[in-house]
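**Student:** Letter by letter, the chains look like this.
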Amino acid sequence: MGLSGSHIVDLIAHKLLRPLNHSYLPNLEKNVWPELADPFYDRGARYTVPYVVWMDGIGWRNDEVKEDIAAMDVPWDIFWHAQAYRGKVGILDDRRDALSMPMQRDAMRKGTRPDLNTEDEDIVNKAQSDLSELGSICNPKVAITDYQTLPEGKTVLHYSWSGDLLSAAFYYLPKGVKPDVLSFWGPDQNGIVQNDFFAIGRTSQRPVLTHQFINFMLDEKNAYDNFVNFTGYTPPQKGIDSETLLKQGLIPKTLQEAVVRPDQFASNQELLQLSVTGQRFWDDAWSKFKAG
Amino acid sequence: MGSRWTWRLVALPGVVWLSVFFLCAFYAVLAVAFGNQDTLSQPVPHWNPLDWNVGYVLDMLDNFFSGGPFWTVSLRTVEFVAIAVALSLLIGYPVAYFTARHAGGWKGPILLALILPLWINYLMRMLAWINLLAPDGIGSDLLHQVGIEDLFLSIGLLDEPGGWLNGQPITVILALLYGYLPFFILPLFVAIDRIDRRQIDAARDLGASSMSAFLRVTLPLSVPGILAGAVLIALPMFGDYYTADLVSASTQTNMIGNQIDEFMRQGSEKVTGAALTLLLSAFLLGLMFYYLRSTRRAGTTAQTT
Numbered sequence: 001m002g003l004s005g006s007h008i009v010d011l012i013a014h015k016l017l018r019p020l021n022h023s024y025l026p027n028l029e030k031n032v033w034p035e036l037a038d039p040f041y042d043r044g045a046r047y048t049v050p051y052v053v054w055m056d057g058i059g060w061r062n063d064e065v066k067e068d069i070a071a072m073d074v075p076w077d078i079f080w081h082a083q084a085y086r087g088k089v090g091i092l093d094d095r096r097d098a099l100s101m102p103m104q105r106d107a108m109r110k111g112t113r114p115d116l117n118t119e120d121e122d123i124v125n126k127a128q129s130d131l132s133e134l135g136s137i138c139n140p141k142v143a144i145t146d147y148q149t150l151p152e153g154k155t156v157l158h159y160s161w162s163g164d165l166l167s168a169a170f171y172y173l174p175k176g177v178k179p180d181v182l183s184f185w186g187p188d189q190n191g192i193v194q195n196d197f198f199a200i201g202r203t204s205q206r207p208v209l210t211h212q213f214i215n216f217m218l219d220e221k222n223a224y225d226n227f228v229n230f231t232g233y234t235p236p237q238k239g240i241d242s243e244t245l246l247k248q249g250l251i252p253k254t255l256q257e258a259v260v261r262p263d264q265f266a267s268n269q270e271l272l273q274l275s276v277t278g279q280r281f282w283d284d285a286w287s288k289f290k291a292g
Numbered sequence: 001m002g003s004r005w006t007w008r009l010v011a012l013p014g015v016v017w018l019s020v021f022f023l024c025a026f027y028a029v030l031a032v033a034f035g036n037q038d039t040l041s042q043p044v045p046h047w048n049p050l051d052w053n054v055g056y057v058l059d060m061l062d063n064f065f066s067g068g069p070f071w072t073v074s075l076r077t078v079e080f081v082a083i084a085v086a087l088s089l090l091i092g093y094p095v096a097y098f099t100a101r102h103a104g105g106w107k108g109p110i111l112l113a114l115i116l117p118l119w120i121n122y123l124m125r126m127l128a129w130i131n132l133l134a135p136d137g138i139g140s141d142l143l144h145q146v147g148i149e150d151l152f153l154s155i156g157l158l159d160e161p162g163g164w165l166n167g168q169p170i171t172v173i174l175a176l177l178y179g180y181l182p183f184f185i186l187p188l189f190v191a192i193d194r195i196d197r198r199q200i201d202a203a204r205d206l207g208a209s210s211m212s213a214f215l216r217v218t219l220p221l222s223v224p225g226i227l228a229g230a231v232l233i234a235l236p237m238f239g240d241y242y243t244a245d246l247v248s249a250s251t252q253t254n255m256i257g258n259q260i261d262e263f264m265r266q267g268s269e270k271v272t273g274a275a276l277t278l279l280l281s282a283f284l285l286g287l288m289f290y291y292l293r294s295t296r297r298a299g300t301t302a303q304t305t
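Which chain is which? The protein sequence lines are A and B, in order. For what it's worth, the numbering used here labels the leading residue of the first sequence as 1, then goes sequentially. For what it's worth, the numbering used here labels the leading residue of the second sequence as 1, then goes sequentially.
Only chain A is shown next, with the shape it has when bound in the complex (with noise of 0.2 angstroms):
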């Protein structure tokens, strides 16, 4: 469990995967979303199904922040103008979603579609190059911690998996601090969306167990339970959706667009697997960011 779709090529060429039966896992079929219930990685489902998903985009605190993100032409761009808020913007500490936020903005800027799986060097050197100009700009953290460091107050703009922000909300506010204060913005398309999944391994002593287990984790009631106390990630079920979430209190409507929906999923993209040549090249591009 755990493993998002870039590292599922992995797992099969190794054949670390024991492929599913289906039978043990009637509530694939009836509380997931078809979208996910058949996703491109993984046809028919064969060796996962979808556990947790998400979204990258940008968390930041209301009270701090004054520029309204969400109304921007290239939201991307705030980090470009965040010297106001020097030392108090973060990264995510991951080279491919940290490098794909510039190719991002690049694509919206001129209206097209990225390509955030591209073994293309000059692309991902740009990315760095233009990454790399926040150092000067707003000298970012580079980090993951954006769910604790948001609701403290640590960060205040951050480039971030929207799972944090709700987590963030749910766990991670001080005394005090209502979670209205945090405010999440995520492309509806050409962005990156997506998912954990369980699995289970080739040398599993007990299968069946592990299909009931997993099969018990796919139950709306256990799923919603995990997501809402313990990983603020949210599961994709039929029966969750930010609307309910809304209604009942649960999250402010600030961070409505951090719950993603099912539609996301065709416009938006996953990180997928490269090859040794392509990753090298996503590699080198952070190892230079990450020098400063």
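Treat the hints as calculated values from the structure; they're not laboratory data. Just to be clear, a hint being listed does not mean it is correct.
Here are some, though not all, of the chain B residues that point toward chain A, as calculated from beta-carbon distances under 8 angstroms [to be verified]:
# : residue
1 : 73
2 : 254
3 : 258
A short list of chain A residues far from chain B (calculated; beta carbon distances all over 10 angstroms) [stated by the list, open to error]:
# : residue
4 : 70
5 : 152
6 : 205
Simulated restraints on C-beta separations [as the list claims (entries may be wrong)]:
# : chain 1 : residue 1 : chain 2 : residue 2 : range
7 : A       : 249       : B       : 128       : 43 to 53 angstroms
8 : A       : 80        : B       : 160       : 15 to 25 angstroms
9 : A       : 177       : B       : 54        : 54 to 64 angstroms
Backbone N, C-alpha and C define an ideal beta-carbon position, used for all residues, glycine too.
Got chain A sorted already, so can you dock chain B onto it with the hints?
**Tutor:** Relative to chain A, chain B alone:
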């Protein structure tokens, strides 16, 4: 003769333990650095030196000598460590000197106080500093009250009031200093404590002032302690990556350890990470040779004076 062999036998397990674990680990790094990657970006070590592939090491050296990112982080690392060691000397020497020479009955409690922070894990102490140095933290407030914050702001070491955790190089240097200072003071204390007082008395009898006796007797005789302390803290500082990560997380403060961590733990280029580890090891080996030469020279000087 029998006693010599007994001690050799007693020392043998420890020597074997250290040698095997050092050599095995180091050879594994060599085999990965001079190895290859498979189609899934996993490292394929070349255990036989005849099969070694020098491509990744040459790439890394090219990156380093052409002023690429490895040069940038290496230079920054040397800068951070040099400043932290110099500050350790500046702060640590008076503490070690006072404890060894003038503490009297307080020697024990002072030594205990120096060791006390080590009862708490390094990581936990750094995590505590994150809260202390937060804009509303007690430490940040205290630094403001005593004027240190204003001083640092005026000389450009701090970007904004309360901004200690905003990716500041000075915070990383001070955190390194805080974390490793006791390891500098303790060997230095031992070195000063072992100086024969009669040598200082002899210098005074010959007309040297107390300052002159310190500069011409105590200081030269404590050089081995200074070097031992400096090496003891500089070596781990060079490989440190979590301090910068915890108190800054900015790309502007990343050290060579962060780059190695990036390649070895998070990235798919473990071969490059291993090559970078070799570069760091070669540099540290040079530093060790310098230390050994200096201590030998200091020993010879002490014997002749």
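**Student:** So which of the earlier hints does this model not fit?
**Tutor:** Of the numbered hints given earlier, those the structure breaks are 5, 7, listed in rising order.
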